[in-house]
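Using the sequences plus the hints, can you model the full thing?
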Amino acid sequence: MTLIHTAELHKIEPFHYLVSLQRHAAKVALDPAAWMPWNYTEAFARAEAQRTEPPPD
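Residue numbers (numbering that gives the first Met the number 0): 0 to 56.
FYI, nobody ran anything at the bench for these hints, they're computed from the structure. Where hints are given, some of them may not hold.
Using 20 angstroms as the maximum straight-line C-alpha spacing, the simulated EDC-like pairs for lysine to aspartate or glutamate come out as follows [stated by the list, open to error]: (1) K26 - E41; (2) K10 - E41; (3) K26 - E47.
None of the values given here were measured: they were computed from a predicted structure.
If you want it as C-alpha coordinates, here you go:
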(Lines of atoms letter the chains of each structure in order from A and count residues from 1; the text may use other names and numbers.)
(Lines give C-alpha, C1' and ligand atoms only; values in the text may rest on other atoms or scores of the structure.)
Protein backbone atom coordinates (compact mmCIF):
# COMPACT_ATOMS: atom_id res chain seq x y z
CA MET A 1 0.00 0.00 0.00
CA THR A 2 1.37 3.42 -0.91
CA LEU A 3 1.46 6.55 1.19
CA ILE A 4 -0.97 8.17 -1.26
CA HIS A 5 -3.43 5.31 -0.99
CA THR A 6 -3.15 5.34 2.80
CA ALA A 7 -3.90 9.08 2.81
CA GLU A 8 -6.98 8.44 0.67
CA LEU A 9 -8.15 5.74 3.08
CA HIS A 10 -7.95 8.30 5.89
CA LYS A 11 -9.99 10.85 3.89
CA ILE A 12 -6.95 13.10 3.27
CA GLU A 13 -6.40 14.69 -0.14
CA PRO A 14 -3.02 13.20 -1.23
CA PHE A 15 -1.65 16.29 -2.99
CA HIS A 16 -2.38 18.51 0.04
CA TYR A 17 -0.81 15.88 2.30
CA LEU A 18 2.41 15.64 0.29
CA VAL A 19 2.71 19.43 -0.03
CA SER A 20 2.22 19.78 3.73
CA LEU A 21 4.96 17.24 4.39
CA GLN A 22 7.33 19.36 2.30
CA ARG A 23 6.27 22.66 3.88
CA HIS A 24 6.72 21.24 7.38
CA ALA A 25 9.78 19.12 6.59
CA ALA A 26 11.67 20.15 9.73
CA LYS A 27 8.76 19.13 11.98
CA VAL A 28 8.29 15.90 10.02
CA ALA A 29 11.97 15.06 10.53
CA LEU A 30 11.64 15.57 14.29
CA ASP A 31 8.54 13.37 14.65
CA PRO A 32 7.79 11.34 11.51
CA ALA A 33 5.15 9.17 13.21
CA ALA A 34 3.03 12.23 13.97
CA TRP A 35 2.84 12.97 10.24
CA MET A 36 1.67 9.54 9.08
CA PRO A 37 -1.75 9.75 7.40
CA TRP A 38 -3.59 8.37 10.44
CA ASN A 39 -2.08 11.14 12.65
CA TYR A 40 -1.71 13.85 10.02
CA THR A 41 -4.78 15.97 10.75
CA GLU A 42 -3.71 16.63 14.34
CA ALA A 43 -0.04 17.25 13.44
CA PHE A 44 -1.04 19.64 10.65
CA ALA A 45 -3.37 21.57 12.97
CA ARG A 46 -0.60 21.93 15.58
CA ALA A 47 1.91 23.08 12.96
CA GLU A 48 -0.48 25.62 11.48
CA ALA A 49 -1.31 26.99 14.94
CA GLN A 50 2.40 27.59 15.52
CA ARG A 51 2.99 29.40 12.22
CA THR A 52 4.38 32.91 12.50
CA GLU A 53 4.56 33.77 8.81
CA PRO A 54 1.49 34.17 6.59
CA PRO A 55 0.42 31.10 4.61
CA PRO A 56 1.74 30.84 1.04
CA ASP A 57 -0.48 31.98 -1.82
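Each hint, compared with the structure:
Note on K26 and E41: the hinted pairing holds, with a Cα-Cα distance of about 13 angstroms set against a maximum of 20 angstroms. Restraint check for K10 and E41: the C-alpha separation of about 13 angstroms stays at or below 20 angstroms, so the hint holds. Only pairs whose Cα atoms come within 20 angstroms are accepted, and K26 paired with E47 is accepted, the gap being roughly 11 angstroms.
The structure agrees with every numbered hint stated previously.
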